[in-house]
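Asker: For the sequence shown, this note's numbering assigns the number 1 to the initial residue and increments by one for each residue that follows.
The reader is advised that the hints may include incorrect statements.
[As the list claims (entries may be wrong)] In silico PhoX-like links for lysine-lysine, alpha-carbon gap of 25 Å or less:
{"hint": "1", "residue 1": "K148", "residue 2": "K71"}
{"hint": "2", "residue 1": "K11", "residue 2": "K44"}
{"hint": "3", "residue 1": "K44", "residue 2": "K74"}
{"hint": "4", "residue 1": "K148", "residue 2": "K74"}
{"hint": "5", "residue 1": "K146", "residue 2": "K74"}
{"hint": "6", "residue 1": "K71", "residue 2": "K146"}
{"hint": "7", "residue 1": "K74", "residue 2": "K11"}
[As the list claims (entries may be wrong)] For each label pair, taking beta carbons as the anchor points, the in silico distance ranges come out as:
{"hint": "8", "residue 1": "M34", "residue 2": "P218", "range": "25 to 35 Å"}
{"hint": "9", "residue 1": "G204", "residue 2": "P257", "range": "33 to 43 Å"}
{"hint": "10", "residue 1": "Y168", "residue 2": "T45", "range": "50 to 60 Å"}
{"hint": "11", "residue 1": "A225", "residue 2": "T45", "range": "47 to 57 Å"}
{"hint": "12", "residue 1": "L76", "residue 2": "S275", "range": "48 to 58 Å"}
{"hint": "13", "residue 1": "P81", "residue 2": "T180", "range": "23 to 33 Å"}
{"hint": "14", "residue 1": "A48", "residue 2": "T180", "range": "40 to 50 Å"}
{"hint": "15", "residue 1": "A225", "residue 2": "D18", "range": "41 to 51 Å"}
{"hint": "16", "residue 1": "Q202", "residue 2": "N141", "range": "38 to 48 Å"}
{"hint": "17", "residue 1": "G178", "residue 2": "R57", "range": "38 to 48 Å"}
{"hint": "18", "residue 1": "P171", "residue 2": "G131", "range": "14 to 24 Å"}
{"hint": "19", "residue 1": "G178", "residue 2": "Q20", "range": "41 to 51 Å"}
{"hint": "20", "residue 1": "N141", "residue 2": "P70", "range": "19 to 29 Å"}
Just so you know, these hints were derived from the structure itself, not from any lab. Positions of the beta carbon are idealized from the N, C-alpha and C atoms, including for glycine.
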Amino acid sequence: MRYGLDIGGTKIEMAAYDEQLNQVFCQRVSTPTMDYSQFLGCVKTLVAQADLTLQTRGTIGIGLPGITDPKSRKQLSVNVPCITGHCLADDLACTLDRPVTIENDCRCFALSEACTEQTQRHDIVFGAILGTGAGGGLVLNKHLHKGKNGLAGEWGHIPISAQLVQRYNLPLFTCSCGLTGCFERYVSGSGLMALSRYFHHQAGSVLELIGFYRQGEPLARRLIAIYVDILSCALASLQLMLDVDAFVLGGGVSNTPELYLLLPQAMRGWLFPGSEPAAILSPVFGDSSGVRGAALLEQHTYTMQ
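Please model the complete structure; the sequences and the hints are all you need to start from.
Answerer: Okay, structure coming up:
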């Protein structure tokens with residue numbers, strides 16, 4: 001039995017899956033974000049409930065926002081501040097009396113979506129999150145690839161093309177990572193709204209901007225065309241580096257059906273002549289991919305040593 005926990009700033013979702021990946025247990029509780037002992041106790045209670053209900057002891061994978069320092073194994077999480085500075089995997093392994101695998105929630109999404117019927121024939125799958133930020137994960141032959149420093153999949157911090165900056169007279173936005181001009185600041189949902197403000201559009205949200213686009217409003221049409229060009233450049237750059245078979249998009253912006261029609265043609269302009277763009281796919285499990293991917297972590301993760 002495989003247990004997955006998707007831990008966010010407001011809720012913890014736990015689900016259990018059998019060997020055929022059928023969900024057989026699910027529970028949601030509020031996240032204790034400020035007290036570490038309460039946090040550990042909450043996870044222990046959830047796991048104990050699953051053990052009792054299913055009469056087994058499942059393997060445990062956890063997806064959560066933030067990063068794990070590869071040397072100290074300590075967590076850094078803005079959304080769940082009480083775990084910052086703690087060796088969470090070690091503490092939970094002791095609390096739960098079994099091994100615990102922890103990974104970034106974006107990578108859990110990528111792993112889940114790489115293990116579906118729509119991607120079963122694809123060897124190299126990249127999950128690209130277009131949410132508040134632009135995270136992701138690289139999955140090779142159904143195994144999550146992290147790299148020596150755990151950086152694989154951090155596509156949002158590739159610098160934007162100078163050609164795009166010149167073509168549209170774009171500003172060089174400062175990124176929270178400390179760099180300037182990261183793709184994340186343009187292709188994420190917050191990045192799209194930053195572009196909207198820069199070009200003086202009145203839309204107050206991504207949904208509102210898409211609504212103006214569908215109504216044929218000229219500035220909204222131009223903004224989405226610019227956005228698609230920027231995003232297609234980022235995805236094409238990944239394809240040139242990795243020869244990706246398929247991209248699966250996640251996050252709020254991925255709920256825009258027009259993207260799946262516009263991106264393949266736009267990507268051709270950034271690839272070698274005659275090269276076919278990778279498949280651009282919508283997620284199968286969507287918001288449930290985080291907990292499903294977490295459950296897959298133990299048997300589907302490897303790291304370069």
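Asker: With reference to the structure, classify each hint as holding or not holding.
Answerer: These are the hints, each one checked on the structure:
Between the alpha carbons of K148 and K71 the distance comes to roughly 11 Å, so the proposed pair stays at or under 25 Å and holds. Straight-line distance between C-alpha atoms of K11 and K44 comes to about 15 Å, which keeps the hinted pair within the 25 Å bound. The straight-line distance between the Cα atoms of K44 and K74 is roughly 20 Å, inside the 25 Å bound, and the hint therefore holds. For the suggested pair K148 and K74, the alpha carbons sit about 16 Å apart, so the restraint of at most 25 Å is met.
At most 25 Å may separate the alpha-carbon atoms for a hinted pair to count; K146 and K74 meet this at roughly 17 Å. Restraint check for K71 and K146: satisfied, since their Cα atoms lie roughly 14 Å apart, inside the 25 Å limit. A C-alpha spacing of about 21 Å is found between K74 and K11, which places the hinted pair at or below 25 Å, so the restraint holds. Judged by the Cβ atoms, the range 25 to 35 Å given for M34 and P218 is violated: they are separated by roughly 48 Å.
Restraint check, G204 to P257: a C-beta distance of roughly 21 Å breaks the suggested window 33 to 43 Å. Checked against the hint of 50 to 60 Å, the C-beta distance between Y168 and T45 comes to roughly 52 Å, which is consistent with it. A hinted range of 47 to 57 Å for the beta carbons of A225 and T45 is consistent with their spacing of about 50 Å. Hint check: L76 to S275, Cβ distance near 38 Å, so the stated range 48 to 58 Å is violated.
Restraint check, P81 to T180: a C-beta distance of roughly 27 Å satisfies the suggested window 23 to 33 Å. A beta carbon spacing of about 48 Å between A48 and T180 agrees with the range 40 to 50 Å that was offered as a hint. Distance hint check: the CB atoms of A225 and D18 are about 46 Å apart, consistent with the given range 41 to 51 Å. Distance hint check: the CB atoms of Q202 and N141 are about 47 Å apart, consistent with the given range 38 to 48 Å.
Hint check: G178 to R57, Cβ distance near 43 Å, so the stated range 38 to 48 Å holds. P171 and G131 have their C-beta atoms about 21 Å apart, which keeps the hinted 14 to 24 Å range intact. Under the hint 41 to 51 Å, the C-beta atoms of G178 and Q20, about 45 Å apart, fit the expected range. Between N141 and P70 the C-beta distance comes to about 23 Å, which sits within the given range of 19 to 29 Å.
Checked against the numbered hints listed earlier, the structure breaks hints 8, 9, 12; every other hint is satisfied.
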